[in-house]
Structures are given as structure tokens and as C-alpha cells.
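Asks: Here's the letter readout for the chains.
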Amino acid sequence: MMLKKKTLVILFSLFCSFLFVSSVNAAAKSGVEDNAQLFSSTITSQLEDEAQQLAEQSKSGVFIHTTYDNDETAEKYADNYLREKVGKNKNGILLLIDMKNRQVYVSTSGNWLYYFNDSRKKHLVDDNELPHYLSAGNYDQAASLFLTEIKSYYDEGLSSKDYLVDEKTGKVTRIKSISPAEALIAVILALAVAVAFVFITIGRYQLRLGTWTYPFRKNGKLKLTHQEDQLVNSFVTTRIIPRHDNDDFFGSGGGSGGSTVHSSGGGTFGGGGHSF
Amino acid sequence: VYLTEEVFTHKCPNCGGALTFNPDDQKFHCPFCLSVFNEEEVTRFEEAQKKAHLQTDNAQVNEATEEVKDGEDMSLFLCPSCGAEIVTDASTSATYCYYCHNPVVLQSRISGKFLPEKLIPFRIDKEKAVELFLGWTQKKHFVPRDFFNKEQISLLTGVYFPYWLIDSDLDGKMTADARNVRVWVAGDVEYTETKQYRVERDGHLHFDQLIKNALSKNVQQKMVETVQPFDIQESIAFKSQYLAGFQAEKRDIEFESIKENVEKELVYYSQQLLKDSVGGYQLVTNENFNIVEKSIHQHYVLLPLWILTYQAKNSDKVYYFALNAQTGKVSGVLPYSLKKLILVASVLFIVCLILGLIGGYFI
Chain A
5 MMLKKKTLVI LFSLFCSFLF VSSVNAAAKS GVEDNAQLFS STITSQLEDE AQQLAEQSKS
65 GVFIHTTYDN DETAEKYADN YLREKVGKNK NGILLLIDMK NRQVYVSTSG NWLYYFNDSR
125 KKHLVDDNEL PHYLSAGNYD QAASLFLTEI KSYYDEGLSS KDYLVDEKTG KVTRIKSISP
185 AEALIAVILA LAVAVAFVFI TIGRYQLRLG TWTYPFRKNG KLKLTHQEDQ LVNSFVTTRI
245 IPRHDNDDFF GSGGGSGGST VHSSGGGTFG GGGHSF
Chain B
58 VYLTEEVFTH KCPNCGGALT FNPDDQKFHC PFCLSVFNEE EVTRFEEAQK KAHLQTDNAQ
118 VNEATEEVKD GEDMSLFLCP SCGAEIVTDA STSATYCYYC HNPVVLQSRI SGKFLPEKLI
178 PFRIDKEKAV ELFLGWTQKK HFVPRDFFNK EQISLLTGVY FPYWLIDSDL DGKMTADARN
238 VRVWVAGDVE YTETKQYRVE RDGHLHFDQL IKNALSKNVQ QKMVETVQPF DIQESIAFKS
298 QYLAGFQAEK RDIEFESIKE NVEKELVYYS QQLLKDSVGG YQLVTNENFN IVEKSIHQHY
358 VLLPLWILTY QAKNSDKVYY FALNAQTGKV SGVLPYSLKK LILVASVLFI VCLILGLIGG
418 YFI
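Residue numbers (the working numbering), protein chains in the order written: chain A, 5 to 280; chain B, 58 to 420.
I should point out that these hints are in silico values taken from the structure, not numbers from a laboratory.
Here the structure is a predicted model, which means the values were calculated and not measured.
Do not take every clue at face value.
[Unchecked claim] Taking lysine to any residue pairs in the SDA-like style, the calculated list, with each CA pair at most 25 angstroms apart, reads:
(1) B/K269 with B/E344
(2) B/K196 with A/T205
(3) B/K274 with A/W216
Whole structure, please, built from the sequences with the hints as guidance.
Replies: Put into C-alpha cells, the structure is as follows:
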């Protein structure tokens with residue numbers, strides 16, 4: 005019996021470790037490639053340090069790139085750049101400042117697909133946070149803001165509410181994880197089953213449960229002499245369904261939700277851009 | 058107090074030995090001359106004997122003296138075979154003489170108002186009862202491992218216990234409010250349609266085969282109730298011959314004393330059946346019942362049970378088990394091994410936890 009117990013414990017711990025090991029382990033790389041020479045020399049080294057830190061923390065590649073030399077769309081250029089840096093579908097995030105198209109573009113891949121979800125993208129890129137600084141020529145501040153913001157996204161973490169939506173096919177990929185609340189519910193349910201089992205068995209052995217009762221449905225007969233089901237009232241009520249923009253359930257607070265992704269050159273990328 | 062009491066033994070028409078009923082072939086066997094008789098043959102012989110007895114001495118029915126000691130539930134009889142004193146409970150109606158093992162039936166306790174209407178004969182004999190009991194114990198996985206052992210069965214007695222068999226007719230009326238709700242969405246609007254109904258049901262109800270214990274010393278013994286059901290279809294008109302070779306008890310709970318509870322029970326069953334007849338609604342409220350009892354009949358019946366006394370190993374504790382001698386169903390309070398239970402519960406906990414975590418992982 006002891007042996008059995010040990011085997012179970014080992015199996016269980018193996019199972020748990022399997023759940024929590026992250027599937028993608030890219031080498032942490034980072035860099036600031038300021039080809040358009042927009043940043044001041046002091047900020048460049050500072051940005052590099054910050055990017056390096058975040059890269060190690062998030063086990064991903066964190067890049068900032070500026071260019072005048074781009075013949076493609078900002079999206080395509082950014083996705084290709086990121087793939088070259090980190091590899092197909094590996095963890096990485098890139099801020100591209102495309103001076104030729106006057107576009108700012110954030111490309112994400114791997115784990116950043118989840119962290120940089122649509123609502124966060126909207127906040128940083130679309131709601132004029134970055135375009136605002138860029139159009140004013142404050143490139144240093146824009147890059148700095150980018151790193152601060154994505155670091156906070158990473159720190160906030162993910163919840164099971166996060167998911168990916170494929171831009172073209174609409175296919176949803178959910179993030180799979182066990183939140184503390186889910187684990188707690190599982191423990192409580194399992195405990196309830198085990199305790200119920202013990203008490204029901206004892207009850208049966210003591211003849212307190214599951215004993216004989218007169219089968220009145222089998223031994224009794226009802227012959228109906230009068231049967232009436234009369235509709236006395238019928239009415240319809242209506243209600244306008246309120247829109248839920250953010251109905252988080254467990255943990256994580258704001259900023260979680262879906263990320264729209266697209267495929268490019270075999271890899272899957274997320275993110276988005278805005279002109280400035 | 059001294060009473061004159063008839064004590065008798067059903068005797069073999071061939072040799073005069075004491076007959077006993079054999080559950081295997083449902084016939085009467087003489088252990089002395091090995092003759093076998095059916096019920097008709099024994100009755101015919103005994104009636105002929107009775108007629109003869111009007112002229113001569115009765116060889117079959119002995120007059121015995123019963124001594125009822127004041128304040129005690131004990132009675133004394135004289136064995137018609139060997140003359141020894143037999144001590145019985147006040148409710149015993151068939152037993153054995155301790156000395157000559159002659160089966161005796163106490164006539165006064167199965168006659169007059171104590172004459173049972175019906176009985177179900179024993180179908181399962183002693184060997185089969187032990188076998189069934191041991192088979193049942195094999196299925197009980199949480200008893201301590203060395204609890205069950207054939208040698209520990211210290212006493213196995215076949216007993217006819219007294220019961221009330223009840224049937225009743227009732228008239229029932231039920232009224233209730235019911236509703237169905239349908240919800241659908243069109244665009245941004247959610248529509249909820251509610252339909253309210255008034256429900257009425259009138260009908261005749263009939264219940265039968267409701268069996269209630271009629272022996273006060275069995276009230277505490279849950280197992281005597283829980284070996285039910287008995288198949289009442291198999292019952293036969295009472296004949297005292299069937300008691301031969303078994304113990305039998307006389308009722309000491311009169312129907313009047315349980316009638317009120319039985320009626321409450323019947324009203325509850327009636328309400329349930331009426332409720333069952335209302336279907337197709339999501340919600341039924343304001344249920345009102347009016348149940349009127351039209352008639353209630355009670356029948357005094359004797360039902361066969363094997364009672365097992367079991368001495369626990371390494372302990373003074375005695376366990377009792379009952380076995381339905383018609384169907385073989387076993388019942389009784391069992392000891393349990395907490396160690397075994399907790400072990401299985403732990404495994405169950407881990408399995409449920411893993412399933413729950415897998416579920417949580419994919420949600």
C-alpha cells in the first residue's frame with residue numbers, strides 16, 4: 005500500500021510540473037537599432053539596458069528599430085525583422101518607427117501575442133499615446149514609454165481569459181493555464197467528493213443511509229378522474245441587453261482579453277500600427 | 058397466574074415423529090422415518106385425528122400449563138414430547154424444546170385474534186442462508202479484513218416475524234399554479250415569455266403491500282425492516298404446519314397504535330403520486346392537496362427471516378444480521394475499517410483533483 009501511495013505522489017508531481025513548464029524557451033536577445041538616428045546618444049544606452057532587462061525577465065527578444073529604408077508596409081517589414089531576430093513563432097516584441105511611411109508599428113510573436121493583447125495595443129498605439137509623442141518629434145520619450153508600458157503588461161501577467169483570434173479565419177486559441185481560483189475549486193470539489201464518499205459509506209454500513217423504503221410509485225396507483233391545465237395568463241417582457249466591454253471574472257484586472265493575430269512568412273504575429 | 062395452554066407438535070402420520078418444514082422442496086419431512094408429506098396430506102391426517110380424538114384420548118394435542126410470572130415477559134410450557142419445562146418470551150408462538158428438540162407450536166398464540174391471515178413459507182434453508190451471508194460479506198470491502206469468518210457465526214435461527222400488511226384506497230385532489238418561461242434574443246433585445254397555468258388533478262389512489270413491523274422488540278433492529286421487499290404474491294393462507302422447525306413470534310404491536318403514522322405516510326405517497334401526474338412545467342408552486350382516506354385494511358402476516366448472531370473476532374461485540382428467507386437479501390449493521398476508508402478516499406481525492414486541474418487547464 006505504501007508503494008502505491010508513493011507512485012501516486014510521483015505521478016501527481018510529474019503531472020503538475022508538466023503543466024507549469026513553459027513551452028517556448030527562446031534565447032533572451034534585445035537591441036536598439038536606430039538606423040534613422042532619431043534617439044539621443046544618452047537615451048540609446050538607457051533603452052538598451054531596459055530592453056535587455058525585460059528580455060531576460062520575459063525570456064524573449066525585445067527590440068526597438070527605426071528606419072527610413074523600407075519598401076514594404078510597416079507591418080510586413082516589422083514582422084520580417086522580428087522573425088529574423090528571434091526565429092519563427094519564438095517569443096519577441098518589436099517597436100518599429102518607420103519614418104518613410106510615417107508609421108509606428110508594434111509586432112509581437114510567441115508569448116508576447118498574449119501579453120500585448122488588443123486592448124493594450126489600442127491603449128498604446130491607437131489611442132495616440134505613441135503617435136502623439138512621435139508626431140511631436142519626442143522619439144526618446146516614445147521609445148521609453150514603449151518599454152515602460154510593455155514591462156507593466158508583462159508584470160500584470162495573463163489570465164485564462166486571454167486568447168488569440170486569427171485575423172483571417174477568426175479561429176480562437178485560448179491560453180491554457182490553471183489559475184489559483186481554478187486550483188482552489190478543484191481542491192474543494194475533490195475534497196467534497198472524498199468526504200461524501202466516507203460519510204455515505206459509513207452511513208450505509210450503519211444502516212442510516214440507503215435503506216429500504218416503500219416503493220410507492222410501484223405499489224401505488226393513481227387513477228385520475230379529472231385533469232385540467234388551464235392557461236390563465238401569458239405575457240412577454242423585453243430587456244435591452246447591456247454591452248459588456250470588459251467582464252473579467254478572475255484576477256488580472258483590466259487589460260486582459262483577446263489578441264488579434266495574423267500569419268506572415270509562416271509565423272504568427274500580433275500587434276498593430278498607427279501613423280503619426 | 059396459571060393458565061391452561063395448548064402446546065402441540067405436528068406429528069408424522071406414519072411414525073408419530075415430529076415433522077419439520079423443509080424450504081428446499083417446500084414439504085414436510087419426518088427426521089425419524091424419513092417420510093415426506095405435502096401440506097394437504099398433513100392437514101387431512103390431522104383432521105382425521107381430531108375426529109378420532111372426540112371419542113378417544115388425544116395423542117397429538119397435549120394440555121400444558123403455562124405460567125406467566127408477574128412483571129416478566131417469560132412463559133413456561135410443558136413439552137408435549139418429553140414433559141420438560143420450556144421457557145419462552147411472551148411473544149413466542151413456535152419454538153423448540155431445549156431437551157428433546159421437539160418442535161412445538163403454542164396454539165393460543167396463533168389462534169383467535171392472533172391467527173395470522175397469511176404467511177410466506179421459508180424458501181432458503183440453513184446451509185443456503187450461511188452461503189448467502191458469506192457471499193454478501195465478500196462484497197463489503199470496508200469491513201476489517203479478519204471480521205468475517207464462517208466459524209464466527211454463533212447462532213442462526215429461522216424465525217417467522219409478525220408484520221402488518223396494509224392496503225388502502227384514497228381520494229385525492231390537487232391544485233397548483235404552474236409556469237413556463239421561454240427566452241429568446243432578437244438583435245439587442247431579450248424577450249421573455251411567461252405562461253401561467255392553473256393545474257387541477259382529481260383521482261382515486263390505491264396502495265398495497267405496505268409492510269409494517271408488528272413486534273416491538275424489532276423496532277430497534279433496523280435490519281428487520283431493511284431486508285424488505287418480500288414478494289407478497291407468494292404468500293399463502295396460514296397453516297401452522299409451516300411453523301414446524303422454525304421459531305415464530307406473536308405480534309405485540311396492534312394496528313391501532315401505528316394507524317396514525319401509516320395514514321400520514323399514505324397521505325405523503327398520495328401527494329407524491331399526484332405531483333408526478335403534473336408534468337411539462339418548469340415551475341410548479343402553490344400546491345394544495347386534499348387527501349381523503351376511503352378505506353384501510355390491515356392483514357396480519359408472518360414473514361420468514363434468518364437471524365444471524367455474529368461474535369466479532371478479538372472483541373466482545375456481537376453483531377446481528379437478518380436474511381430475507383424468501384429472497385436472500387441480507388442486512389445488518391457492519392463494522393468498518395477507517396484505515397481502508399481513508400485510503401480509498403485519498404485515492405479518490407487525488408483522482409478528482411487531477412481531473413479538476415485538467416478541466417481548469419483547458420477552460
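Asks: Determine for every hint whether it applies to the structure shown.
Replies: So, going through the hints one by one against the coordinates:
no.	hint	result
1	B/K269 with B/E344	29 angstroms, violated
2	B/K196 with A/T205	13 angstroms, holds
3	B/K274 with A/W216	19 angstroms, holds
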